[in-house]
Amino acid sequence: MRPEHPPEFPLAVHDLTVAYHRKPVLWDVELNIPEGTLAGIVGPNGAGKSTLLKACLDLIPKTSGEALIYGKPYAEQRDLIAYVPQRESVDWDFPVSALDVVTMGTYRKLGWFKRIGPTQKKQALEALEQVGIGHFANRQISQLSGGQQQRVFLARALVQDAQIYFMDEPFAAVDAATEQAIIELLQSLNARGKTVLCVHHDLATVSRYFDHLVLLNMRVVASGPTAETFTRENLQKTYGGKLNLLDDVAQALKNVGRHESP
Amino acid sequence: MTWELLRDTLLLEYHNTRLVVLGVAALGATAGLVGSFLLLRKQSLLGDALSHATLPGIGIAFAIMTALGFSGKSLPGLLLGATITGLLGVLLVLAIRSTTRLKDDAAMGIVLSVFFGLGVAILKMTEKIPGVSAAGLEGFIYGKTASMVWSDLFLIIGVLAVTTTITICLLKELTLLCFDANFASTQGWPVLVLDIILMALVTAVTVVGLQAVGLILIIAFLITPPTAARFWTNRLGSMLFLSAIIGAISGWLGASISALYSNLPAGAIIVITAAVIFLVSMIFGTARGVLPRYLRHLKLQKKVGRQHLLRATYEILENSQDNTPLKNLPIAMGLLRKHRYWAKGELSKLIRQARAEDHIERQPSGELRLSESGFGEASRITRNHRLWELYLIRHADIAPSHVDRDADMVEHLLGAEIVHQLEAELELSKPTIESPHAI
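Chains as they are written, first to last, in our numbering: chain P, 1 to 262; chain F, 1 to 439.
FYI, nobody ran anything at the bench for these hints, they're computed from the structure. Mixed in with the good hints, there may be bad ones.
[Said to hold, decoys possible] Quick list of in silico lysine-lysine cross-link-like pairs, BS3-like style, CA-CA up to 25 Å:
id, chain 1, residue 1, chain 2, residue 2
1, P, K121, F, K73
2, F, K172, P, K122
3, F, K128, F, K42
4, P, K54, F, K302
5, F, K73, F, K128
[As the list claims (entries may be wrong)] Cβ-Cβ distance ranges computed for the label pairs, FRET-style:
id, chain 1, residue 1, chain 2, residue 2, range
6, P, P118, F, T99, 46 to 52 Å
7, P, P61, F, K103, 16 to 22 Å
8, F, K103, P, E129, 39 to 45 Å
9, F, T100, P, P225, 45 to 51 Å
10, P, A173, F, W3, 35 to 41 Å
11, F, N263, P, P118, 53 to 59 Å
12, F, S147, P, K114, 26 to 32 Å
13, F, L102, P, E66, 31 to 37 Å
14, F, G109, P, Q187, 48 to 54 Å
15, F, D104, P, D15, 31 to 37 Å
16, F, L11, P, P61, 55 to 61 Å
17, P, P118, F, E361, 53 to 59 Å
18, F, P76, P, K114, 32 to 38 Å
19, F, A424, P, G71, 41 to 47 Å
Note that beta-carbon positions come from the ideal geometry of N, C-alpha and C, so glycine has one too.
Model the full assembly from the supplied sequences, consistent with the hints where possible.
This is the structure in structure tokens:
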């Protein structure tokens with residue numbers, strides 16, 4: 001065990017490098033996510049945010065380094081983690097209902113060859129009700145709106161009853177009501193001691209949503225409590241010369257002040 | 001050739017065709033089942049590459065068996081050869097895909113054509129082996145049910161039974177693989193193993209189907225039934241079931257017809273049958289067919305038109321009198337025409353429709369008057385419309401996920417509480433509500 005990554009951290013990343021076809025996407029990432037935080041991963045397009053999550057979950061090969069879940073490799077800690085992929089990552093024309101998709105979250109505990117029973121369906125329905133779309137349980141998934149599809153994915157993560165939640169852009173292209181429902185859900189998970197790690201792209205809401213922040217642009221620019229990390233200097237280092245963003249940054253920074261002194 | 005002969009063949013009356021017809025129908029059912037997952041995994045082309053890559057194996061197996069002094073046409077031996085080169089072809093596609101930057105379709109196209117060409121060359125060479133006849137091997141290209149004998153059928157049905165059993169045991173796992181492989185992987189499911197199992201199932205169906213359907217057309221047997229089934233249902237379970245049925249019917253018809261006309265290859269008839277079922281499904285399929293979709297659109301258009309007409313009439317009544325409750329008076333056609341935009345001829349069509357539904361009556365004077373039921377309906381439609389409009393204005397933030405302006409039951413969708421709130425906001429608790437904007 002490395003001293004800089006003690007096992008009490010839900011996620012500790014050491015020296016992680018990921019490259020696609022020799023082109024590095026993540027470089028020497030060092031990261032500790034403290035227990036019980038609602039953490040955001042923020043950075044420009046192509047900064048490797050999704051890649052970081054996927055590499056931690058062994059979905060893509062690491063060129064070097066390791067990611068530890070409470071001090072152990074992911075393969076030994078799968079039960080502790082629920083993953084919500086990007087909504088576009090699947091074909092929503094697939095012939096299944098919302099309930100079917102959520103039930104998939106119970107397959108791991110169910111195991112090989114076992115049939116889905118009333119217990120699994122009940123769990124799935126409860127999760128759908130928790131995200132506010134219980135009445136759509138039997139709808140085919142292509143007949144759901146984008147926000148509702150995102151809620152289905154969240155419900156699938158909820159039935160896993162995990163300790164750590166990895167979310168890839170859950171707020172991307174959803175309606176305001178869904179965004180509100182999702183953040184409330186994340187906060188309630190957080191209040192129950194769960195750690196939530198969330199790839200996010202909207203600077204304006206960063207300080208409102210997250211208490212821990214990772215600024216990423218191929219490497220970790222800064223990581224720590226949002227109040228200390230979300231500064232103009234760090235954002236400029238992360239977003240570099242992308243000047244058109246500076247207005248957003250200014251706006252976002254104004255929001256920081258507003259939320260810190262209510 | 002008479003109808004009776006055809007009927008008797010279809011009904012399995014003939015001893016010599018009965019088993020072949022049953023065998024090919026079973027093949028169709030299994031192909032429909034396994035093919036559904038191949039389709040949902042979006043690997044249809046890989047199945048095509050696989051079937052073409054079986055040809056060299058058949059030629060090589062024939063040559064080896066002949067050289068060793070066995071009968072070169074022993075089916076298990078030929079199918080083993082087919083399996084080996086078929087899988088080799090798939091592995092090659094996967095290798096090209098993962099080591100180069102070639103796209104899938106290019107990799108499959110190359111493997112498919114090279115293996116097929118190789119197979120044709122090897123078959124030609126086997127013809128030159130002295131003392132044995134390789135005639136009949138080309139039956140594997142287009143399929144030849146006539147060459148099937150009892151022992152072949154037992155082998156085929158045995159393999160199909162195993163394939164079907166494995167598929168049914170793994171329904172849940174295969175569904176997860178096809179829907180969201182990344183998620184499956186994070187959950188600890190061995191995605192690669194599941195993919196290999198799926199490919200093995202497809203290989204089994206392809207290889208035992210070679211003799212009946214032929215390697216060129218077997219892919220249609222795998223893909224057409226599930227595609228047709230998808231038009232009828234949005235549920236995976238029903239899709240699998242339907243797909244198996246469609247496959248079985250295609251196989252049954254194809255094998256029967258080709259048993260009667262021995263120069264018609266079964267594969268071709270099977271594919272044509274499946275294609276006809278596909279066409280019918282595409283047009284009439286209740287879930288996604290072209291015709292039901294068009295009819296649904298027409299129905300919606302009619303419903304919206306009816307709502308427009310009744311609401312317009314009601315609004316004219318409101319504007320033209322101060323009575324509470326509103327009195328149902330006759331109104332002139334001209335008022336209605338001016339009240340909102342109607343496409344040419346639309347208004348008269350809508351009025352005809354409303355009269356047929358007894359919502360509107362024509363007075364002797366030529367004026368229009370809402371019937372009693374039409375008046376009630378108009379009041380309800382107007383109220384619902386205004387509630388939705390108000391809801392959109394007041395709750396713009398959450399509206400998009402809830403609004404269904406077409407819904408008759410506002411309360412059902414929004415809940416009685418919000419409806420009361422909306423009604424209160426207009427300081428009206430009576431069932432008719434003033435429009436939030438000037439009419």
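The hints, checked one at a time:
Between K121(P) and K73(F), the direct Cα distance comes to roughly 52 Å. Violation of the 25 Å bound is thereby established for this hinted pair. A hinted pair counts as satisfied when its Cα atoms are at most 25 Å apart, and K172(F) with K122(P) qualifies at roughly 17 Å. Of the pairs offered as hints, the one joining K128(F) and K42(F) is violated, with about 41 Å between alpha carbons and a cut-off of 25 Å exceeded. With a C-alpha separation of about 50 Å, the suggested pairing of K54(P) with K302(F) is violated against the 25 Å cut-off.
The suggested pairing of K73(F) with K128(F) holds, with an alpha-carbon distance near 16 Å, which does not exceed 25 Å. Checked against the hint of 46 to 52 Å, the pair P118(P) and T99(F) passes, with Cβ atoms roughly 47 Å apart. At roughly 21 Å, the beta-carbon separation of P61(P) and K103(F) lies within the given 16 to 22 Å, and the hint holds. Between K103(F) and E129(P), the C-beta spacing of about 43 Å keeps the proposed range 39 to 45 Å intact.
For T100(F) and P225(P), the Cβ-Cβ distance of about 46 Å falls inside the hinted range of 45 to 51 Å, so the restraint holds. Take A173(P) and W3(F): their Cβ atoms lie about 60 Å apart, and the range 35 to 41 Å is violated. As the Cβ distance of N263(F) to P118(P) is approximately 56 Å, the hint placing it in 53 to 59 Å holds. A C-beta distance of roughly 43 Å is found between S147(F) and K114(P), which places it outside the suggested range of 26 to 32 Å.
The hinted window of 31 to 37 Å between L102(F) and E66(P) holds, with their beta carbons roughly 32 Å apart. Our hint of 48 to 54 Å for G109(F) and Q187(P) holds, since their Cβ atoms are close to 52 Å apart. Checking the proposed 31 to 37 Å range against D104(F) and D15(P) shows it holds: the Cβ atoms sit about 34 Å from each other. Between L11(F) and P61(P) the Cβ separation comes to about 58 Å, which falls inside the hinted range of 55 to 61 Å.
A C-beta distance of roughly 55 Å is found between P118(P) and E361(F), which places it inside the suggested range of 53 to 59 Å. Take P76(F) and K114(P): their Cβ atoms lie about 35 Å apart, and the range 32 to 38 Å holds. Distance hint check for A424(F) and G71(P): the Cβ-Cβ separation is about 58 Å, which falls outside the suggested range of 41 to 47 Å.
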